[in-house]
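Trainee: Residue numbers (our numbering), protein chains in the order written: chain A, 1 to 287; chain B, 288 to 557.
Worth flagging that the hints you see were computed from the coordinates, not collected in a lab.
Here the structure is a predicted model, which means the values were calculated and not measured.
Take these hints with a grain of salt, some might be off.
[Said to hold, decoys possible] Partial pick of chain B residues on the chain A-facing surface, computed with a CB cut under 10 Å:
#1 Leu380
#2 Ala466
#3 Thr493
[What the hints assert, rightly or not] Some, not all, of what chain A presents toward chain B, calculated at C-beta under 7 Å:
#4 Leu15
#5 Phe31
#6 Ala33
#7 Phe37
Note that the Cβ used here is the ideal one computed from N, Cα and C, for glycine as well.
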Amino acid sequence: MRRSLFRKNLVTALLLAPAALWLVIFLVLPFVAIAIFSVGERAPEGGYQAALTFAQYANLPARATAFWNTMVLAPIGALACLLVAYPVAYYLALRAPHRWRLILLAMIVIPFWTSLLMRTYAWMYILGGRGIPALLAYVGIEDLRLINTPGAVLLGIVYGYLPLMILPIYVSLERLDRRLLEASADLGATPLSTFLGVTLRLSLPGVMTGFSLVMILLLGEYLIPTLLGGGKVFFIGNALVDLFLQSRNWPFGSAIAITLVLVSVVVLIVANRISTRLSGARRVDLI
Amino acid sequence: MRVFVVAVFAFLYLPIVLVVLFSFNAGHHASEFTGFSVQWYGKALSNPFLVEALKNSLFIATTSALLAAFCGTAAALGLQRVGARTRALFDALLGAAIVVPGVVIGISTLVALVQLFAVVNPFLASLWPTDQPPKLALGYGSIIAAHGLFSMALVTMIVGTRLASLDRNLVEASSDLYATPLTTFRSIVLPQIMPAVIAGFLLAFTFSFDDFIIAFFVAGAQTTLPIYVFASIRRGVTPEINAIATIVLCASVLLVLLAQWQLGRRKPSP
Numbered sequence: 001m002r003r004s005l006f007r008k009n010l011v012t013a014l015l016l017a018p019a020a021l022w023l024v025i026f027l028v029l030p031f032v033a034i035a036i037f038s039v040g041e042r043a044p045e046g047g048y049q050a051a052l053t054f055a056q057y058a059n060l061p062a063r064a065t066a067f068w069n070t071m072v073l074a075p076i077g078a079l080a081c082l083l084v085a086y087p088v089a090y091y092l093a094l095r096a097p098h099r100w101r102l103i104l105l106a107m108i109v110i111p112f113w114t115s116l117l118m119r120t121y122a123w124m125y126i127l128g129g130r131g132i133p134a135l136l137a138y139v140g141i142e143d144l145r146l147i148n149t150p151g152a153v154l155l156g157i158v159y160g161y162l163p164l165m166i167l168p169i170y171v172s173l174e175r176l177d178r179r180l181l182e183a184s185a186d187l188g189a190t191p192l193s194t195f196l197g198v199t200l201r202l203s204l205p206g207v208m209t210g211f212s213l214v215m216i217l218l219l220g221e222y223l224i225p226t227l228l229g230g231g232k233v234f235f236i237g238n239a240l241v242d243l244f245l246q247s248r249n250w251p252f253g254s255a256i257a258i259t260l261v262l263v264s265v266v267v268l269i270v271a272n273r274i275s276t277r278l279s280g281a282r283r284v285d286l287i
Numbered sequence: 288m289r290v291f292v293v294a295v296f297a298f299l300y301l302p303i304v305l306v307v308l309f310s311f312n313a314g315h316h317a318s319e320f321t322g323f324s325v326q327w328y329g330k331a332l333s334n335p336f337l338v339e340a341l342k343n344s345l346f347i348a349t350t351s352a353l354l355a356a357f358c359g360t361a362a363a364l365g366l367q368r369v370g371a372r373t374r375a376l377f378d379a380l381l382g383a384a385i386v387v388p389g390v391v392i393g394i395s396t397l398v399a400l401v402q403l404f405a406v407v408n409p410f411l412a413s414l415w416p417t418d419q420p421p422k423l424a425l426g427y428g429s430i431i432a433a434h435g436l437f438s439m440a441l442v443t444m445i446v447g448t449r450l451a452s453l454d455r456n457l458v459e460a461s462s463d464l465y466a467t468p469l470t471t472f473r474s475i476v477l478p479q480i481m482p483a484v485i486a487g488f489l490l491a492f493t494f495s496f497d498d499f500i501i502a503f504f505v506a507g508a509q510t511t512l513p514i515y516v517f518a519s520i521r522r523g524v525t526p527e528i529n530a531i532a533t534i535v536l537c538a539s540v541l542l543v544l545l546a547q548w549q550l551g552r553r554k555p556s557p
């Protein structure tokens with residue numbers, strides 16, 4: 001008996017060992033490494049020199065523009081995604097013909113899984129000099145600059161992350177008990193107040209999931225601001241690439257990376273709190 | 288509302304359609320379509336740097352997806368057999384592997400590996416009998432491992448979901464009929480989770496093949512296809528990139544469709 005228990009534990013350990021090793025060597029240790037680096041100093045020739053100082057963190061305002069752009073454009077981008085995504089998710093979950101539903105849903109997911117680089121590049125092409133501006137010049141609107149603006153970055157964000165916002169909202173709307181909608185109408189509610197009081201309300205957890213997911217991924221975005229912002233709209237990701245690969249200021253870069261992770265954690269915690277409160281409110285409402 | 292939804296689908300697909308269309312353009316210019324031609328595909332496929340980058344990407348994506356599928360499946364199976372605390376710890380780490388931005392994964396892996404190499408390489412050199420000791424460096428290995436981290440977490444979650452909905456009666460019936468645990472696994476569990484494993488592998492492959500930012504940090508002297516494309520885009524938009532983009536997009540759409548189909552399969556085919 002004891003022998004077979006030992007064998008069971010051994011098998012479990014063997015099954016988990018490769019994944020555990022991988023997580024420790026390529027996730028936990030690297031994170032510890034940048035935490036250590038972030039309290040170090042830049043070596044004269046670039047790279048890292050051991051020290052114990054918080055100077056790197058005190059220096060964070062030096063990259064204030066990158067932080068500012070990210071902190072403004074990430075929530076605005078996530079909000080813009082939400083405004084476009086909600087009607088689509090609503091249509092797919094509650095209005096679309098049944099046999100079309102899965103096909104349409106797959107059509108939403110497919111672009112998300114294809115290369116963001118290639119898809120963002122497509123927008124460089126459309127917004128660039130030979131794309132829409134060339135068309136507009138035809139009808140007399142000259143010298144309109146579309147690419148390398150915050151607007152172009154915002155457009156790229158909505159384009160790239162829309163599928164990720166639609167999915168969780170779709171899931172929460174799909175689960176919605178349709179009898180509640182009928183009940184609301186039977187009790188004399190207008191379609192608008194049914195939507196606001198029942199549908200929207202019950203889909204809020206999905207909205208929160210989508211919003212926080214998109215927001216967190218945007219905090220670390222690099223490609224969209226680089227390609228569509230053209231070096232004029234800097235994100236934290238751009239600052240990190242610059243600090244690690246160009247100016248080789250690893251300690252400062254590490255401090256920024258740690259700050260970025262901390263901000264993401266705060267966003268996650270706040271989102272979690274709101275979700276819990278929302279689902280709590282829902283429980284009270286339903287009973 | 289239907290008009291709005293149609294507009295959103297157009298928004299999602301129009302840029303892709305344009306890139307594909309202009310990859311067949313005969314002319315050099317991106318603005319006007321001057322005739323149908325596949326010359327840019329020929330130019331792209333006879334570019335030695337591009338072909339080298341493509342080969343690298345294929346090798347890295349295959350290796351890291353295979354490793355991820357294997358370790359991820361093993362972890363999902365192992366997680367079924369552990370207590371709540373170990374499970375929660377694992378879930379937190381796997382969630383972190385998925386949520387932490389690629390930029391941070393890339394730089395932290397770079398920092399940790401460079402530091403590790405600085406310790407290991409002199410040590411290896413001191414042990415080596417000849418003057419040419421092996422030297423650890425960034426390259427295939429570091430990209431495969433860094434990509435595999437995200438992919439493994441993904442596979443563990445996909446396979447874990449499948450395991451949760453597995454019919455336990457069949458497992459019990461199998462052991463009641465005196466099948467060994469290994470036989471039960473081979474003939475009951477494995478066929479049921481196989482579609483999820485395959486889907487996980489395909490998604491992992493797609494992710495690794497498409498990833499730019501992690502590879503950008505840990506590639507060392509190697510070039511992957513996205514790194515090559517990124518560098519050429521910065522030098523200016525050319526029809527050749529349209530051809531590459533089209534090939535990559537078609538390949539990833541195909542793989543994602545395959546993965547979706549595998550995930551949708553309820554029962555293994557007889």
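Trainee: Hint numbers the structure violates, sorted upward?
Mentor: Hint 2 alone not satisfied by this model.
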